[in-house]
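Let the hints inform the model, and build the full structure from the sequences given.
These are the residues of each chain, in order.
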Amino acid sequence: MRNDYLRDSNQYYGPNVPVASDFGRLDLACQRGVRGDAGGTSTLQGPISVGGQGMTLSSTTTKIEGGVSTAEGGRLHVGTSWPQLSPSRTRSLVVPFRRNAHSVFSKASFSSNPYGVVGSADSNGLWVPIPQRLIHDAVNVVSVTFAFRVGVAHAGVPATLPGFGFVKLDANSVATIIASGSVPTPGSADAWYNHGDPQTFALTLGVTTDTKAHSYLISWTDESGSNALAGNIYHSATLAYNGIADLHFP
Amino acid sequence: MGYAPVRILWVNGLPVLASEMDALDGETVDLINFDLGGTWTPSAPVVWASASGYTGPVFNVLGAVALTSSGGVVRTPSASGKRIVFGDGDYYELDAGHPGITFNRLDSFVDGAAAINPTLGSSTTGLAEIAVPIGVGFSKVLRPHHGATWTQVTVNFKVTNAHSSGAPATLPKVRVVQVDATGAKTPLKTVASGADINGWLSVPTPASGSAWFNSGNPQSLVYTFDAGVLLDTSRYVYVLEVVEESGTNATGGTAWESAVGVMTAISDTRAPQ
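Protein chains in written order, with the working numbering: chain A, 1 to 250; chain B, 1 to 273.
One or more of the hints may lead you astray.
Claimed, not checked - List of simulated lysine-lysine pairs, DSS-like, C-alpha gap at most 25 Å: (1) 158/B / 168/A; (2) 212/A / 158/B; (3) 168/A / 212/A; (4) 63/A / 82/B.
Hints listed in this document are in silico derivations from the structure and should not be mistaken for laboratory results.
What follows is the structure, given as structure tokens:
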């Protein structure tokens, strides 16, 4: 809110010189003003509204820390950078293996049910393209964690346990394996079965995604060899991202 | 924060000292003039805080705020719950020179291809691109950037057979169509830019079967849209359609690898998917 004039226009004349109250109000106005050169903290009881030509904040250390709202038609213009996130963020995205959800293509060795893809205990494997919308571009994929369960009780630990891989593919389908590995050997057949409860296996990746140049796939093979049994259910792969430092197109 | 009082109590009859008048005059020069604007050089931050009990905004800027130095930020305190809130229809805008103005995206044809069969995750054996019989087509839903202008799609492929008898009579052709919610297709390239009346663009006729084979090395066909396509994924799905070679000397076996779309004129950060 503006200060009022001390006096109306043309009221300073002749003997009607400034009196104490004039100076008191002038002094008070200076106390309540905002010092453009010296800075300082003003404690506002209402908003300051600036229209007209707007404002330019030219300091490199300018901060607006209370949050910002745009009225409809207002814009936040980010120049040639992206809105930044500090500290950088993490996120996880689940790639479900349910056939109807994400085009899991089965070989004869695999089938699907409402809970995932089901293995048949042979040595064939499966590629699963990761839908592009689940790849966050230009950030670090820390790991991929596979969730599965062993479908039936086993007489012994399978000779070959399930293996998983994370692969990138360029525009000409040249594949590069980023990481691969097999489930560690359990202590017993019962440990492997685990009452049919969910189990996980994680691959450490540490790779920066690039959806301009690559697509990404998951590969895996079911258990096989002696003691191997059909019926393992592969549910999903969870991609863990970190280093998300800005809001560029994901 | 303003100035300390020049005088604690102003009383009529006491003369105003020159130093007091000088102080008041100097203070008015320093104070920000919001009506006329101007340039100030603060030696300490100008901080706008809220008085106790006041929860409304401390600043309403009805025009624009420009942060003109590269280090200037609009920062929400960590874990404060503060937000940057956009009014209806508002987004972050990108500068004309912003790297995000153009956007390329690779759509692999393995993503949607036929059954493929790797060995245990330490090998890429069995990885397969799309391959279709002679004269047969396939389609691939692409994922362009909503709101952008689509200028071209480059289709990558390899010819896997030698074609020693000659180039195929009919070479592969591609087109991109937009498909609305009812399934109606509209090709996005016309005769004016080199397509046929249905929007198809054929691979240019090579000089020989050997040239067509190209030793199995990667080849590409650039499908350039007429005048750029304004992408609207709220109304359309965009589909690439490909038809394999056919006719005399056709052997099939083309390995269709990927499509790389080029999108431009992205002016803001609205949801790209």
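Report task. Hint by hint, work out which the structure violates, then give me just those numbers in ascending order. Result -> Failing hints: none at all.
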